[in-house]
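Asks: Once you know that position 330 of the sequence shown is 330 in the UniProt record's numbering, the rest is easy, because the numbers rise by one and skip nothing.
Simulated from the structure, these hints should not be mistaken for lab results.
Don't take each hint at face value.
[As the list claims (entries may be wrong)] Derived DEER-like restraints, expressed as beta-carbon distance ranges:
| no. | residue 1 | residue 2 | range |
| --- | --- | --- | --- |
| 1 | Leu422 | Arg55 | 20 to 26 Å |
| 2 | Gly390 | Asp207 | 30 to 36 Å |
| 3 | Leu317 | Leu59 | 41 to 47 Å |
| 4 | Gly205 | Val411 | 18 to 24 Å |
Here a beta-carbon is modelled for each residue, glycine too, at the ideal position from N, C-alpha and C.
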Amino acid sequence: MNHPVSSPSSVPAEPSQQELSLPSMLRSLRERESRPMSMTIASYTSAVEALWMNRLRSLLTTLGIFIGVAAVIAALTLTQSAGAYVTSVINGLGANTVFVQPGAIRERGAVQKNGAQTLTVQDAQSIAKLTHVTAVSPIVFTGAQVIYRGQNWRTQINGVSASFQMIQNWELNRGFWFSDADNTAAQPVAVLGDTVAQNLFGNSGIDPIGQKVTVRGQVFRVVGTLIAKGGFNQDDTIFIPFNTALTRLGFGGSRGIGQIQFEVDSSQHVDTVVQAVTANLEQSHHTRAGQPVDFQITTSAQLLQQSQQEIQILTILLVGVAAISLTVGGIGIMNIMLVSISQRTREIGIRMSVGARRSDIRNQFLMEALLLCLLGGGLGLLGGLLIGGGVTSSIGIQPVFTVMTFVLPFVVSAAIGIGFGLYPAVKAARLDPVVALQRGTT
């Protein structure tokens, strides 16, 4: 007896997304009657099922949120780490350090420098005589090539006084700092920063102390090396006596000096000393009343405040740029949710026909948008931490992560999910069940 052969049309078709979601619809309706929190759990379960069934589309949808959150976290990590580092450097100078730089202050706080320097050795000497001033160092500096046998390294050469070590809180790794007698006699001695010492002597294993290096044809004996401070190349430097820089290397001269740093005995006397220095320099520079001065005085507190303001402005700019990516990602979420609603009208009609309330429909689609954004936010947090931490570590700065770094991505993601997912969710909830069923069958 011949058995009828099944036609291709009689082969059971794979269940569609709408059919697969029917059991969850009925289950959610039963759970709603059983306990108060059931609808939130049911909305979450339905949202997870819907997103998993379209997991590739869901993953692509989260890319906009991922990029935006990663950019925000990377920007925050970079600026917070840089701000913490700058703050530690300035605090390391002490609250009583004051900087005097040449140049007239013009419009909008800009410092105008006209070739010739306006500070002189006599200015530093007059500041040293003022009450409450404990240490003064004139400074001249330039870039130069340093040679030791077959090794050479380009670095910054600083001519300073013996007091500069105390003013800047430099700590010696080996050897000693040059003395006032070395400065007076213009001795050819040098103290190497850690970067210079490592590049000239690190590979050879030779003790730098007592070795001779050449700068601009002049031979200097290394008397000390410094402990690394880290970051921004401040260890890439060599310190030599101020008079040695003037006489042997030709620094300064008629061009004056590049900077004066001095230390006050107490933070309570800083403002008084600054006023005295201002009056002293105005008199020695023959500045008439009403004319702009040709120097600028900055305290450590002012320098710290300026750096914090600059870091804050940079943070706002970087986060503002990253916010554009978040906005684009939010628009992408809204677009995908609208497309999803148009494809799932039959599901919406069935849910309403078996007793689902409009709030249930709204909450389900809102939950889907929220989950997409939280997924993108979580991935963006990891990406931002890797980028920000990697960049800061590469430039020698310790990464700084705060509570805000971990909380902000989820707060922003939730806000975007609710903000951009609310309209599609409300639109889905307002569908007429009869019209939804008719559209779903066409």
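Asks: Determine for every hint whether it applies to the structure shown.
Replies: Going down the list of hints, with the structure as the test:
no., hint, in the structure
1, Leu422 with Arg55: 20 to 26 Å, "holds, 24 Å"
2, Gly390 with Asp207: 30 to 36 Å, "holds, 35 Å"
3, Leu317 with Leu59: 41 to 47 Å, "violated, 30 Å"
4, Gly205 with Val411: 18 to 24 Å, "violated, 53 Å"
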